[in-house]
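There are 2 protein chains.
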Amino acid sequence: MPDSASIDSSFAIERIRVDGALRDTVAAAQQHGDWHEEHLGDWRYRRLSDTFQRLPEGSVVFDDTLICGYPKIGRIFRLDAGLRAQFEHPCWVEEKIDGYNVRIFQHEGQVLALTRRGYICPFTTDRVPDLLDIRVFESEPELVLCAEVAGPENPYNEGGPPDIHEDIRLFVFDMMRKNQPGFLPHREKLRLLDAHALPGVPQYGRCEPDQAARLKPLVLALDRAGREGIIFKEDSGQDRRAKYVTGRINVADIRLCSAAIKQLPAEYFTQRVLRLALFLDEHGIAPTPDIERELGAALLEGMSDAIHQEHDTRKVIRRFRCRFLRKRNIRLFLRSLHHLLGKGSVRTRCLSREGAYYVLQFEKVLPRTTGLLAHLLRGGIVFD
Amino acid sequence: MPDSASIDSSFAIERIRVDGALRDTVAAAQQHGDWHEEHLGDWRYRRLSDTFQRLPEGSVVFDDTLICGYPKIGRIFRLDAGLRAQFEHPCWVEEKIDGYNVRIFQHEGQVLALTRRGYICPFTTDRVPDLLDIRVFESEPELVLCAEVAGPENPYNEGGPPDIHEDIRLFVFDMMRKNQPGFLPHREKLRLLDAHALPGVPQYGRCEPDQAARLKPLVLALDRAGREGIIFKEDSGQDRRAKYVTGRINVADIRLCSAAIKQLPAEYFTQRVLRLALFLDEHGIAPTPDIERELGAALLEGMSDAIHQEHDTRKVIRRFRCRFLRKRNIRLFLRSLHHLLGKGSVRTRCLSREGAYYVLQFEKVLPRTTGLLAHLLRGGIVFD
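Protein sequences, first through last, are from chains A and B.
Okay, so the first sequence: first residue is 0 according to numbering that gives the first Met the number 0, each after it adds one.
Okay, so the second sequence: first residue is 0 according to numbering that gives the first Met the number 0, each after it adds one.
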């Protein structure tokens, strides 16, 4: 996203305000981690592009401040067996929102948003004041909010929660502190959400590991509503976690991404079909003709659309639209997207004014899908 | 299949009866090729496990005799553009049969069948006298028949041509000569097929590269009949080739293999969906609800079956049944299959006598699918 370069010289661990075991980890990561120097506009920071010991990918350093990356959460495919196998203590159950993951914090008087991989996102950064009351950082300057941004007008994912019909919304699901490992305890997070009237993800209470059966109605209701799933967070010092998704979200993901065949690994599709089959099996739902047809259509519609696009315009593209408050952030956003996706892969279609917003419409070109289809449709040969 | 070992000592190129450019290639392959020494029963030979220059994977050496491997044939996804792009001269059009590829030849008085990868197949070798008149090798001792073996009772592929309801059949599609590169010319092949009353693949005449349109009715008829597709063979000294498959065969392949998710690369599935989308587009067939449902069902049925199998028996298996003439070949066949698939991966269910045949029923265990599902169904976690 910003211009990046591998770091030759080590940076000054001494200045980073970390202590204890985390200090040792950062010191080791300083020597052996995969750090990149990023700059975009006036922002300059270091980004860890691969998980190093307990420092997740996407950890960043701004001057004297470390913001830990958001760690991967494992997936279970069975409620009952999964809760028993993965947890020893009761778990908090939260909704998993279908959006993109950001970390939001204040640095030198500016509120910034980082993507999962640790890039500053000029779009989210632009819109943060719309999405939450940023005065929280006046009383909590060390706070890092971990949140999902979701809705149809975002620049990364097509689709999203079916009950968000326009623009985007933000849902906080975790909190961290700068220069500290791990998350704030669940009750502390709820207290801060409440005290600062921050938007949180829906909470579904606590569940004992041997009482997963009582979650089935919730999961089936989320499935019917086209929502993504739930996250389990153990109510213990270990803070173990797992995610569990609905069946239908897999069909939705496949529908949105089947035009991007070749951009995504093939496993993206087969894993989702397997997850759907496992969900149907777990909940005793026989694959009905409707589900089968939806799955087949999800695969074929996107691919047919890609074929037609290549045929008509010689390019396979996906369209995005999003709203900005400040024009300067649009320039930074487009620059960062070009950097991330490569030259010629982003095309601005239209920039207009709607009320308080600048509305940017743009296209991402899918180069591998375009290239493959161009080859095949012109009679190219493939040895497979 | 047979026991195999990498070859330490080089073998005697001097003895192999090859000349000219092929001799140079074999000499180079002797030094740098990936040869394996195979033995099964009384058979001993050398097998090339990777294509080396113009010697395809599966080339083998028996004493003084080289049998060239069967080369890969590229695939086109468009009839009209494909024929224009790939060919300069008219092409012979032959049916592509949905089975497995063998090379059949006589060695020291025995007629043997090799698989594509160059292993002796004790099953096909056993049944050759049923499948063709082997007296052809009396007058043509240097002949190598390249053929597809297809039908429901084969030990490798489930499914097959819908008009073969039991056992197997054989279809010759090419001929080679021992110690010679390339194939016999098409007319020479037809003459030998006719002279020796050998079973050949269906022939659909010749087609000019700019007259592909006239093949559309044939392709659509094959599609409706559930048959696999066609092969183009240029009527020229260059003998260029290409294959083109129907839409429906992709759905059939997916249906048969979706239980083997994790045994096969994910691309196996996504490529077939893309081929189906391209076929529908080329022939102006909108994806109908029936086609969508068939595709979805093909994916879900096999996976659901695998989940139920793991749940019920803790193993995901596929069942096979095939007929042998000689009991000794069953032992050799099972030994070779164990060797190829690994210990514990083949289980004999039943051996019975039916008329002139021994009927072997056996199961192949799918270890990766079994392992994955066992992990997931017992509540295991996956970081994906």
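A couple of the hints might just be wrong.
The following label-pair restraints were derived from C-beta to C-beta distances [stated by the list, open to error]: (1) A:G343 <-> B:Q237: 51 to 61 Å; (2) A:D289 <-> B:D193: 51 to 61 Å; (3) B:R377 <-> A:Q237: 45 to 55 Å; (4) A:D289 <-> B:S351: 53 to 63 Å; (5) B:V381 <-> A:Q202: 18 to 28 Å; (6) A:G343 <-> B:Q360: 50 to 60 Å; (7) B:E157 <-> A:R320: 39 to 49 Å; (8) B:V381 <-> A:S235: 15 to 25 Å; (9) A:R14 <-> B:H310: 48 to 58 Å; (10) B:D311 <-> A:D23: 48 to 58 Å; (11) A:R346 <-> B:D33: 38 to 48 Å; (12) A:S138 <-> B:V381: 36 to 46 Å.
Calculated from the structure, these hints are not laboratory results.
The beta-carbon is built from N, C-alpha and C at its ideal position, and this holds for glycine as well.
Evaluated hints:
no., hint, in the structure
1, A:G343 <-> B:Q237: 51 to 61 Å, "37 Å, violated"
2, A:D289 <-> B:D193: 51 to 61 Å, "53 Å, holds"
3, B:R377 <-> A:Q237: 45 to 55 Å, "21 Å, violated"
4, A:D289 <-> B:S351: 53 to 63 Å, "43 Å, violated"
5, B:V381 <-> A:Q202: 18 to 28 Å, "25 Å, holds"
6, A:G343 <-> B:Q360: 50 to 60 Å, "58 Å, holds"
7, B:E157 <-> A:R320: 39 to 49 Å, "47 Å, holds"
8, B:V381 <-> A:S235: 15 to 25 Å, "22 Å, holds"
9, A:R14 <-> B:H310: 48 to 58 Å, "56 Å, holds"
10, B:D311 <-> A:D23: 48 to 58 Å, "50 Å, holds"
11, A:R346 <-> B:D33: 38 to 48 Å, "47 Å, holds"
12, A:S138 <-> B:V381: 36 to 46 Å, "40 Å, holds"
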